[in-house]
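**Q** As a plain string of letters, each chain reads:
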Amino acid sequence: MFLEVQHIVKSFGEEKVVKDLNFSLESKQTLSILGKSGCGKTTMLKTIGGLVASDSGKILLNGEDITETKPEKRNIVYLYQEDLLFPHLNAFENIAFGLRLKKIPEGLIKEEVNHMLQSLELEGQADKMPTELSGGQRQRVSFGRAISTNPSLLLLDEPFGSLDTGTRQRMQELFKKLTAEYKITSLFVTHDLKEAVLMGDQIGFMHDGILKVYEDKKDFIQDPETGVQNEIDFWGGLI
Amino acid sequence: MRINWKSFVLSLAVLLILFPFIYLVFLSLASEWRFPEVWPSYLGFKNWVTVFGSETGLLESFFSSLLISLSVAVFSTASGFLISKAVFYHPKKRILTLLAYFPYILAPVVFAACLSFFFLKMGLFGNMTGVVVAQFIIAFPYALLFFSSFWNEKVKSYEDLVATLGGNKWQTYTKVLLPLAKGLILICFFQTFLISWFEYGLTSIIGIGKVQTLTIKVFLFIKEANYYYGALSCCLLIFPPVVLLYFNKRYVFKKLV
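So the protein lines, in turn, are chains F and H. Read the first sequence against the working numbering and you will find it ends at 247, with the numbers running on by one and no gaps. Read the second sequence against the working numbering and you will find it ends at 1225, with the numbers running on by one and no gaps.
Any given hint could be a false lead.
[Claimed, not checked] Pair by pair, the computed Cβ-Cβ distance ranges are:
hint, chain 1, residue 1, chain 2, residue 2, range
1, F, E72, H, N1136, 17 to 27 Å
2, H, K1137, F, D28, 45 to 55 Å
3, F, D28, H, S1125, 21 to 31 Å
4, F, L68, H, L1035, 33 to 43 Å
5, H, F1215, F, Q177, 48 to 58 Å
Keep in mind the hints are simulated off the structure, nothing from the lab. These figures come from a predicted structure and were not determined experimentally. Glycine included, each C-beta is placed from N, C-alpha and C at the ideal position.
Excised from the complex, chain F in its bound form:
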């Protein structure tokens, strides 16, 4: 397995936010994680990304124990719901940011970023500052910035949560295209049922700090805890 998370526990004071987290993920796969607000999804992602230290447990990435590794050495990029574009840099420089940190030659950066802009359908937007871009464009630049560094693992924390329905749908399609093109392994956290089903090769459901990963999508749909059955009953009742 490419990613193995073993018995991760994280508490804040008296409150146990993540309880015995156990799951694994194959390379180039996306695991969608569904859960309500406050169930521990963000803490789980931040623990895997190294931004929050776990109390106990182990994280293995490509066979290597990264539990104690600093976030900058993990090659795991964490994407927020907010695009967090650097306001002092234009779209090109925002995408190039991670590459510049790695001191990649200028010519290669130009080539990579221009290719990325093309993949993100952002041709002609390179010189625009973040304030001149729309919500969807900003989120695409944010994606580009994360993917251009060629991360081992991408952690997405409700990345489309702030977008309108149409833009969200386009972004979902673009994400699927990019994950295939750049062979990305990712954990995709969302509280949207449909999005979880659409985006993930595998689906997990998190409740009260415990993550349950389903063997296949059918198990997920049939589990009454996930709320899929309620949803089906609701829409079925309208017909």
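Given the structure of chain F, go ahead and fit chain H onto it with the hints provided.
**A** This is chain H only, laid out in the frame that chain F set:
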């Protein structure tokens, strides 16, 4: 004929604001101006030539003040920025922020009197280093409180993002935090420079007359009733803040708006 009251009042206000400054320059050029003479018997650069000839040590005071204020502004802005970050992430940040107000509870003269024993013991009494340290004690909490508004959850998210993109602490500062805070840093530098530049009470006690900043010199001239030199030193006193204000307006505020 209709009078445009708005522009009239505006012109009057500008004139009233500018008058003291114009008068100071005029006074610095004058000498032997006795009542009831309407115009001074001498008007020229005699006072300025004397100053630049270092007869009264004004130029020396000007450069001393400049050195002290620049040191205080650089140290307090830099440390204020860095330490305000540590305070923001500290679990007891409220108490620490409250402590930063402490130097302002006391009048600067009283505060200096409280500190004088320690300064004497450390050999910082009556020298420039002592004055810089004393003024830093006043300017640093200001910088700390000033930058406390910069740190928030979004900035924390930026820091985390840079880390996951592979950036180390130095890169986080140079490529993100400093560019984000550039405007605030320049304003803080300007404000702490001014705090130091016009500081009198603390400087006079810790400097014990041996460190004569321009502000101290102005008061000395006024005490001696040498209005012409007093006006001249006031001109020198105003000049650096005006230059800073110009740069602030031109390069900082324009970018902040």
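**Q** The structure should be examined with respect to each hint, and the outcome stated for every one.
**A** Each hint, compared with the structure:
Under the hint 17 to 27 Å, the C-beta atoms of E72/F and N1136/H, about 20 Å apart, fit the expected range. Between K1137/H and D28/F the Cβ separation comes to about 33 Å, which falls outside the hinted range of 45 to 55 Å. Between D28/F and S1125/H the C-beta distance comes to about 28 Å, which sits within the given range of 21 to 31 Å. Our hint of 33 to 43 Å for L68/F and L1035/H is violated, since their Cβ atoms are close to 58 Å apart.
Taken as a hint, the range 48 to 58 Å holds for the pair F1215/H and Q177/F, whose Cβ atoms sit roughly 49 Å apart.
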